[in-house]
Amino acid sequence: DQQVKQNSPSLSVQEGRISILNCDYTNSMFDYFLWYKKYPAEGPTFLISISSIKDKNEDGRFTVFLNKSAKHLSLHIVPSQPGDSAVYFCAASFGGAQKLVFGQGTRLTINP
Amino acid sequence: DTEVTQTPKHLVMGMTNKKSLKCEQHMGHRAMYWYKQKAKKPPELMFVYSYEKLSINESVPSRFSPECPNSSLLNLHLHALQPEDSALYLCASSQSGGASYEQYFGPGTRLTVT
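Quick note, the sequences are listed as chains A and B, same order.
Numbering follows our numbering, in which position 54 of the first sequence is assigned residue number 99; successive positions increment by one, without gaps.
Numbering follows our numbering, in which position 105 of the second sequence is assigned residue number 106; successive positions increment by one, without gaps.
What the hints contain is simulated information worked out from the structure, not anything from laboratory work.
Heads up, some of the hints might be wrong.
Said to hold, decoys possible - Anything over 10 Å on all C-beta distances counts as not near chain B; from chain A, calculated:
hint, residue
1, Ser53
2, Leu56
3, Val58
4, Gly61
5, Glu87
6, Ser94
7, Arg106
8, Phe107
9, Lys116
10, Lys144
11, Gln149
12, Thr154
What the hints assert, rightly or not - Partial chain A-side listing against chain B, Cβ under 7 Å, derived:
hint, residue
13, Gly88
14, Pro89
15, Phe134
16, Gln143
17, Phe147
18, Gly150
Said to hold, decoys possible - Here are the simulated DSS-like cross-link-like pairs (lysine-lysine), alpha carbons at most 27 Å apart as the crow flies:
hint, chain 1, residue 1, chain 2, residue 2
19, A, Lys99, B, Lys10
20, B, Lys41, A, Lys116
21, B, Lys10, A, Lys144
22, B, Lys54, A, Lys144
23, B, Lys41, A, Lys50
24, A, Lys50, B, Lys42
For glycine and all other residues, C-beta sits at the position ideal for the given N, C-alpha and C.
Next up, chain A with everything else stripped away, as it sits in the complex:
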């Protein structure tokens, strides 16, 4: 039972344009959501997070949107840069639990 889903295994975007990565979840108990970025042969790097009491959080080029009624969140990257090419994982947690549930990941490729 996959509680966090990233339905797009890959996404290709032109440099300078907006990248939008999507994530859906099924467990309504989740109250904290995170995005991680992973390069090959490295550990995941924390990017941005959002609490369920908010619907938007912004940090520089990265913005995360949360739609609780749709159980959907998205990560917007604008403008996209070549260094953004990586695998992006969505993750969720609840109740202060230390367990993060990860999605399957989306491979983002930024084309020059």
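Since the structure of chain A is provided, determine the placement of chain B on it from the hints.
Frame of chain A; chain B shown alone:
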């Protein structure tokens, strides 16, 4: 210092060997984690230590044995592994008991079991 370090970077071991993976953080975090990641899959949680006590064991086989000697160090002892245990093993740490749930990951140890 916002770094989690892991040694070794690569490890090849036979099915009868005993080896250990090491992880260290100096961020004052009181929760530390072991994850296993297979190719093209998300990280899967194995163990969580909170304040140096094992708080979560995700039904991991006993051939994996975690140890937390102090708040900065986390080990994973390996014995009699199977080829299907070949994977990237990731260590992470986070503040414990706070409102922030962000986990910070190390670069991982690439383990190959022959």
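Checked hints:
no.: 1; hint: Ser53; in the structure: holds (14 Å)
no.: 2; hint: Leu56; in the structure: holds (15 Å)
no.: 3; hint: Val58; in the structure: holds (20 Å)
no.: 4; hint: Gly61; in the structure: holds (29 Å)
no.: 5; hint: Glu87; in the structure: violated (5 Å)
no.: 6; hint: Ser94; in the structure: violated (6 Å)
no.: 7; hint: Arg106; in the structure: holds (18 Å)
no.: 8; hint: Phe107; in the structure: holds (14 Å)
no.: 9; hint: Lys116; in the structure: holds (18 Å)
no.: 10; hint: Lys144; in the structure: violated (6 Å)
no.: 11; hint: Gln149; in the structure: violated (6 Å)
no.: 12; hint: Thr154; in the structure: holds (15 Å)
no.: 13; hint: Gly88; in the structure: holds (3 Å)
no.: 14; hint: Pro89; in the structure: holds (5 Å)
no.: 15; hint: Phe134; in the structure: holds (6 Å)
no.: 16; hint: Gln143; in the structure: holds (5 Å)
no.: 17; hint: Phe147; in the structure: holds (4 Å)
no.: 18; hint: Gly150; in the structure: holds (6 Å)
no.: 19; hint: Lys99(A) <-> Lys10(B); in the structure: violated (39 Å)
no.: 20; hint: Lys41(B) <-> Lys116(A); in the structure: holds (24 Å)
no.: 21; hint: Lys10(B) <-> Lys144(A); in the structure: holds (25 Å)
no.: 22; hint: Lys54(B) <-> Lys144(A); in the structure: holds (15 Å)
no.: 23; hint: Lys41(B) <-> Lys50(A); in the structure: holds (14 Å)
no.: 24; hint: Lys50(A) <-> Lys42(B); in the structure: holds (12 Å)
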